[in-house]
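Q: As given, the protein sequences belong to chains F and P, one line each in that order.
Each residue of the first sequence is one higher than the one before, starting from 1 at the first, in this note's numbering.
Each residue of the second sequence is one higher than the one before, starting from 1 at the first, in this note's numbering.
A hint or two may mislead.
Stated by the list, open to error - To give an idea of the chain F side of the interface with chain P (calculated C-beta under 8 angstroms), a few residues:
1. M142
2. E307
3. L318
Don't read these hints as lab results, they were simulated from the structure.
For glycine and all other residues, C-beta sits at the position ideal for the given N, C-alpha and C.
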Amino acid sequence: MNKKLISGVAGIIVAMLLGAVIMLVQGYHPVETYAALFNYSLGDFFSLATTLRNAVPLILTGLSASVAFASGPVNLGQPGQLVMGALLATIGGLYVDLPPVLMIPFLMLLAMAGGALWSGVAALMRQWFNMSEFITTLMLNMIADFFTYWAISYPFFDNTAYSPMTPQISQNGWLPKFGEFHSSVIVMLLAFAIVWFVFTHWTAGYEWRITGQNSLFARLGGCKIDKNYTAIMLTTGALAGLAGGLVVMGGPHRFLKGIGANYAWDGVMIAMVANNGIIATLLYGLFFATLQTGALGMELITNVPSEFIQVLQAAIVLVIVAGRGYLDIFMDKAAARRKTRERTA
Amino acid sequence: MNMFTGLINGMISGATPILLAALGGTLTYYAGIFNIAMEGMMLGGAFCGVLGSYYFQSWPLGILCAVLGALFMAGIFIVFSVFLKTDEFVTGIALNLFALGTTTYMLRQIFKVKGAFTGPGIQSVPPIHFPLLRDIPVLGSIFSGQNLIVYLALLSTILVWYLVFKTRFGLRLRAAGYNAACLDTSGVRTSQIRIWSLILCGLLCGLAGAYLSLGYVTLFSENMSAGRGWISLAAVILVNGNPWGIAIISLVFGFSDGLGLLLQQVLPSQFASMVPYVATLIALYFYSVQERKKKA
């Protein structure tokens, strides 16, 4: 844990220094820019609440990717699963009306079903035809993108709108806000707690982790690899779908074009930089959300375009992942040297 | 007849970027690198192509810049995966997102636009007409008058095949993928071979990017590679890296691209746009069925 913390913090610092160099080259003031960035995302209660809310889709897709990668399946279909979840939740919200107590869980279940449906397609292709989920999920992303675009342009199009979008969902399905604090954060934390508990304390989670580390060992030990594979794909799809549902229910209350933004790919990056750790995913998710929320303030105050954050994020991922390997070697060497000194002394 | 040549030409223009990127991918495939960064290299190339063509007012310099841009991306891949030994999968994904972020950022920073940049100042790569070929009735409009990069792609297919299977470098390249330890012990540095394969991959992806932004259309839009890098990766896997196989598969994908355009008259355009991706899934299905038969 300690080692992870050091490599994480060191990586972030190095990447941010790299970012500062890029800013200097372009004639911006790095200190001012970073100050604006963090002030806008962490400065007061309102910004903090916004950051937490922006972290919701990032952390949920990040968890989806972390659980999948740590258990073996290379599920890269989070973008598609997210928009399919969002679409199903939207459709539910348009045609069903229940009291909020039932409506909100119902829509969440629909969103999870949407995501699981889409990852289930990839899981079926793997189980029946032995097609690698790595490519199929990527292709399904593009297909889901066009499919949802079609759905909001024709069958569920809001006739009063000028660009492709659905009408707003029933108000009973809107997630409540407590002042500035958004209740989607509670849902996300709940999902995180469940995933963490299942993954670290349940038999199923143990089997998944073992399968991810050594599938042959897991199979000889009596794990049902195929069944677990399907379960992992469905779970991770449901997590990504839930992210999409929460975005709809908590934000615009309708499906707009481009609602998936880059959440899911950011989630994949978060999983990678967290080395598929569940708690690390939460922490890096919060950090990435801080950067993204602050990006807007950075653009307002210092004129650095908010797209700069995308560059910075990728740099952080590369530097931390590369640094982690190096730091491990370095620290192992130091530990070995200390040991030999103790022995000889 | 006109529709026929239209479909064929659509097929060729759809196939070209995939073919070029897949040829790059096949070099790294033989070298034993799990390279999924073609998407990012292509996107970097496409952006730098527009940049070069716009500022220097010349398409050859545009192509040169496209290649340099893709080489820059390949350089990052080399630094992380070969020198720092970062996981290739992570490097590839991060590089693709880095390319997406950087090009979007630069689009905003240099051209001051969001979404797409187009303008009369961008010089596109011209088509090449062959004097005698042009006059053959139907075939003339297929074999002559294609974009310069289309012919370069064809040439690259032959060169890549020759390089991989007929030269000493090719032998070492395949050895690097087949048994890296063995190659190292016989006195050839595997990392050196891998670096060269990545450089060549960057070069080819740069051409693919230049075709996207200076040949196919004359503009740059955010994320304009739109999954073509992934499709080219699928193409490499489907034929186990054989250059001729890649050429055929690319034509199939190009055909599905052209078919999608044609289908737009009957289907909603969104469904038509799905065609290449569905085609990839179908191709993967046949591949896995065949693999299973081989095992049985």
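Q: Please flag the earlier hints that this structure goes against, numbers listed from lowest up.
A: none
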